[in-house]
Amino acid sequence: QKEVEQDPGPLSVPEGAIVSLNCTYSNSAFQYFMWYRQYSRKGPELLMYTYSSGNKEDGRFTAQVDKSSKYISLFIRDSQPSDSATYLCAVLADRGSTLGRLYFGRGTQLTVWP
Amino acid sequence: NAGVTQTPKFRVLKTGQSMTLLCAQDMNHEYMYWYRQDPGMGLRLIHYSVGEGTTAKGEVPDGYNVSRLKKQNFLLGLESAAPSQTSVYFCASSYFGLADGSDTQYFGPGTRLTVL
Numbered sequence: 001q002k003e004v005e006q007d008p009g010p011l012s013v014p015e016g017a018i019v020s021l022n023c024t025y026s027n028s029a030f031q032y033f034m035w036y037r038q039y040s041r042k043g044p045e046l047l048m049y050t051y052s053s054g055n056k057e058d059g060r061f062t063a064q065v066d067k068s069s070k071y072i073s074l075f076i077r078d079s080q081p082s083d084s085a086t087y088l089c090a091v092l093a094d095r096g097s098t099l100g101r102l103y104f105g106r107g108t109q110l111t112v113w114p
Numbered sequence: 115n116a117g118v119t120q121t122p123k124f125r126v127l128k129t130g131q132s133m134t135l136l137c138a139q140d141m142n143h144e145y146m147y148w149y150r151q152d153p154g155m156g157l158r159l160i161h162y163s164v165g166e167g168t169t170a171k172g173e174v175p176d177g178y179n180v181s182r183l184k185k186q187n188f189l190l191g192l193e194s195a196a197p198s199q200t201s202v203y204f205c206a207s208s209y210f211g212l213a214d215g216s217d218t219q220y221f222g223p224g225t226r227l228t229v230l
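Read top to bottom, the protein sequences are chains Z and A. The opening residue of the first sequence carries number 1 in this note's numbering; numbering runs sequentially from there. The opening residue of the second sequence carries number 115 in this note's numbering; numbering runs sequentially from there.
Please note that the accuracy of each hint is not assured.
With a straight-line Cα cutoff of 27 Å, these simulated BS3-like cross-link-like pairs (lysine-lysine) come out [what the hints assert, rightly or not]: (1) Lys123(A) x Lys42(Z); (2) Lys42(Z) x Lys128(A); (3) Lys42(Z) x Lys56(Z); (4) Lys67(Z) x Lys42(Z); (5) Lys171(A) x Lys2(Z).
Ranges of calculated distance between the beta carbons of each label pair, as one might list FRET restraints [said to hold, decoys possible]: (6) Pro197(A) x Ser53(Z): 20 to 30 Å; (7) Thr111(Z) x Pro223(A): 18 to 28 Å; (8) Glu15(Z) x Asn179(A): 45 to 55 Å; (9) Asp176(A) x Glu5(Z): 22 to 32 Å; (10) Thr228(A) x Ser69(Z): 14 to 24 Å; (11) Asp78(Z) x Ser198(A): 35 to 45 Å; (12) Pro8(Z) x Lys171(A): 40 to 50 Å; (13) Lys42(Z) x Met155(A): 12 to 22 Å.
Honestly, the hints are just simulated from the structure, not real lab data. Don't be surprised by glycine CBs; every beta carbon is placed ideally from N, CA and C.
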């Protein structure tokens, strides 16, 4: 079983729609949860991160973690064509280690059409 | 301030050939990483470095070697390329090496490698 599972999509929505992107993870030891955005032929960039359960909001983006069901979500409100990208979730168990092992989902490809 | 740069951007190799990928960062970061990204597999850590002169194995290190002779550079080498190493390679760097969002990993633009 992979540490993180993510539906690769593709997901296609009209401009202005609410987008929901989701991942599940296997190990309850994971405490840190991140979302990266990757535009075509570019490197990933950190979009949001959360610690433990709960919600975190940043503009049109909301990250949500449900540790009881090992489920993480990213919501995008009022989606824009510029949001078209691949979104990768990532989880981390041990913040205190030298590196902190990061596990990535395989990414969900999102297209927002005008 | 260029951030993280990677050289080359594209490369085609024949099986058995060798090559070196160069990563450079100008942010004075201590930690540097090499990932590979394959369709359906996500990003996987190959090797990493916690400072000049140090290297360590990641999740998928076999077939690769790395060196960190200078703080700003991290080299990834393929001694005898195999078709299974066809992938997009990303370099990243961070200051503290904590992989949670409090210490952002900055990624380079990637190198697309094809091994025939």
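Taking the hints in turn, this is what the structure says about them:
| no. | hint | verdict |
| --- | --- | --- |
| 1 | Lys123(A) x Lys42(Z) | 11 Å, holds |
| 2 | Lys42(Z) x Lys128(A) | 25 Å, holds |
| 3 | Lys42(Z) x Lys56(Z) | 26 Å, holds |
| 4 | Lys67(Z) x Lys42(Z) | 31 Å, violated |
| 5 | Lys171(A) x Lys2(Z) | 20 Å, holds |
| 6 | Pro197(A) x Ser53(Z): 20 to 30 Å | 43 Å, violated |
| 7 | Thr111(Z) x Pro223(A): 18 to 28 Å | 21 Å, holds |
| 8 | Glu15(Z) x Asn179(A): 45 to 55 Å | 47 Å, holds |
| 9 | Asp176(A) x Glu5(Z): 22 to 32 Å | 25 Å, holds |
| 10 | Thr228(A) x Ser69(Z): 14 to 24 Å | 41 Å, violated |
| 11 | Asp78(Z) x Ser198(A): 35 to 45 Å | 43 Å, holds |
| 12 | Pro8(Z) x Lys171(A): 40 to 50 Å | 28 Å, violated |
| 13 | Lys42(Z) x Met155(A): 12 to 22 Å | 18 Å, holds |
Of the numbered hints stated above, those contradicted by the structure are hints 4, 6, 10 and 12, listed in ascending order.
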